[in-house]
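2 protein chains.
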Amino acid sequence: MSTSAMPEAEFHFDFGSPNAYLSHLAIPQIEAQTGIAFRYVPVLLGGVFKATNNASPMVTENGIMNKREYRQAETARFLRDWDVSPTTPNPHFPVNTLQIMRGAVYAEGAGIFTPYVDAVFRHMWHEARKMDDADVIHEALSESGLPADDIMAGMGDAQVKQKLVDYTGASVSRGTFGSPTFFVGDEIFFGKNTLKEVQAEIELARG
Amino acid sequence: MSTSAMPEAEFHFDFGSPNAYLSHLAIPQIEAQTGIAFRYVPVLLGGVFKATNNASPMVTENGIMNKREYRQAETARFLRDWDVSPTTPNPHFPVNTLQIMRGAVYAEGAGIFTPYVDAVFRHMWHEARKMDDADVIHEALSESGLPADDIMAGMGDAQVKQKLVDYTGASVSRGTFGSPTFFVGDEIFFGKNTLKEVQAEIELARG
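Protein chains in written order, with numbering that gives the first Met the number 0: chain R, 0 to 206; chain Z, 0 to 206.
It is worth saying that the hints were derived from the structure and are not from the lab. Some hints could be false.
Because identical chains share one entry, a pair is satisfied inside a single copy or across any pair of copies.
Unchecked claim - Keeping only pairs whose Cα atoms sit at most 25 Å apart, straight-line, the calculated BS3-like set for lysine-lysine is:
1) 66 / 49
2) 49 / 160
3) 66 / 195
4) 160 / 129
5) 162 / 49
6) 162 / 195
7) 49 / 129
8) 195 / 49
9) 160 / 195
10) 66 / 129
11) 195 / 129
Take these sequences, add in the hints, and give me the full structure.
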């Protein structure tokens with residue numbers, strides 16, 4: 000099969016999702032094994048929930064016996080299967096991610112998307128910082144060697160704000176209802192525990 | 000590794016679940032590939048929902064945009080990946096499965112469990128019969144060469160009724176909240192789309 004059959008793999012994420020963070024830790028293994036680079040797409044989870052009338056599992060699964068324990072078992076298997084470290088419980092959860100998500104859109108335009116995304120995921124879920132506090136964000140970005148002043152100014156840019164709205168709307172139009180969501184071509188996969196399927200789908204599409 | 004390390008694989012099912020039926024179609028492939036025979040455990044889904052305060056996805060996911068389409072995409076991939084035929088839409092859905100589930104418990108004691116389970120799944124989801132109507136059940140079982148009179152008498156047996164309650168309660172105690180549920184040793188997996196993981200878990204446990 001020619002390289003023109005290489006499928007596009009996408010990771011639609013919000014920094015507020017611990018399962019998106021864990022996916023971010025596993026994705027490099029899929030990239031190494033398949034030779035496909037994922038396209039990361041910032042998608043505001045609050046906007047997704049509003050557009051689809053959905054809510055976080057903490058809300059929709061609240062009061063259902065055994066569900067919470069099942070999610071924990073799924074996560075334990077994920078950590079084992081991908082050999083990644085667990086999240087650090089973030090005492091500030093849920094963190095309003097609007098500013099740092101806008102920052103991702105700015106970073107994309109500024110050519111610093113990959114280091115920004117990696118740093119912010121780490122600040123949120125490894126260092127468990129309060130990443131909806133402007134001072135905390137500024138300090139964290141600076142420590143990571145990122146141009147904090149420029150990024151935080153960029154968060155207020157009208158085009159940046161609109162682009163995040165557009166990314167979110169386009170993702171919902173393709174079927175997104177939560178985070179993390181993956182696409183391989185037009186096939187949609189929801190939740191970190193589909194990543195093995197995502198990998199298999201890439202391999203299938205590659206032929 | 001000795002054969003004593005062979006894990007126990009279990010399939011906790013209710014005939015009312017189309018996803019349990021599709022799992023039933025795929026399980027023989029896992030059995031052939033791993034050499035492990037699944038233990039089928041009849042578990043009354045209505046009892047599970049009552050005990051866990053859960054409901055069917057048709058209820059819990061109702062009104063959430065994109066969810067229904069996602070479930071359809073998952074099912075399409077399942078049919079493709081396991082090369083099995085789709086369910087025949089059952090116009091009588093939801094069918095009250097209490098009698099045919101009790102019948103499964105009776106059939107287990109009577110040594111006709113496997114042919115009974117296979118026949119009833121087929122009557123429900125391939126032939127789309129109204130399997131909560133006594134006349135329909137009797138005719139279907141007879142056509143499948145099963146002792147319909149004995150089975151239908153057995154459905155009324157107090158010990159049979161209690162055993163279904165006990166199976167259901169024991170399953171919930173181990174973490175079940177819906178159907179289909181699979182166990183590999185103590186590891187619990189929910190939903191037909193975990194079957195690839197179930198297979199991998201069996202292979203991991205076998206060493």
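Alpha-carbon proximity context of residue 160 and residue 195, limit 25 Å: neither (33 Å within a copy, 40 Å between copies)
Checking residue 195 and residue 49: alpha-carbon separation at most 25 Å within a copy, between copies, both or neither? neither (29 Å within a copy, 33 Å between copies)
Using 25 Å as the alpha carbon limit, work out where residue 49 and residue 160 are close: within a copy, between copies, both or neither. So residue 49 and residue 160 pass the 25 Å test inside one copy only (17 Å; across, 45 Å).
Go through the copies and call it for residue 160 and residue 129: within, between, both or neither, with a Cα cutoff of 25 Å. within (21 Å within a copy, 54 Å between copies)
Is it within a copy, between copies, both, or neither that the alpha carbon of residue 195 lies no farther than 25 Å from that of residue 129? Classified as neither: same-chain Cα gap 31 Å, cross-chain 38 Å, threshold 25 Å.
State whether the alpha carbon distance between residue 66 and residue 195 is at most 25 Å within one copy, between copies, both, or neither. The answer is both: 22 Å in one copy and 21 Å across copies each meet 25 Å.
Should residue 66 paired with residue 129 be assigned to within, between, both, or neither, using CA atoms and 25 Å as the limit? neither (27 Å within a copy, 31 Å between copies)
With identical chains treated as interchangeable, where does the CA-CA distance between residue 162 and residue 195 reach 25 Å or less: within a copy, between copies, both, or neither? neither (30 Å within a copy, 38 Å between copies)
25 Å Cα cut-off: does residue 66 pair with residue 49 within a copy, between copies, both or neither? Both, since 23 Å and 14 Å are each at most 25 Å.
Homomeric proximity label, residue 49 with residue 129: Cα distance no greater than 25 Å: Answer is within: at 23 Å inside a copy they meet the 25 Å cutoff, but 39 Å across does not.
Evaluate residue 162 and residue 49 at a C-alpha cut-off of 25 Å and name the case that applies: within, between, both or neither. within (17 Å within a copy, 45 Å between copies)
Checked against the numbered hints above, the structure breaks hints 6, 8, 9, 10, 11 and satisfies the rest.
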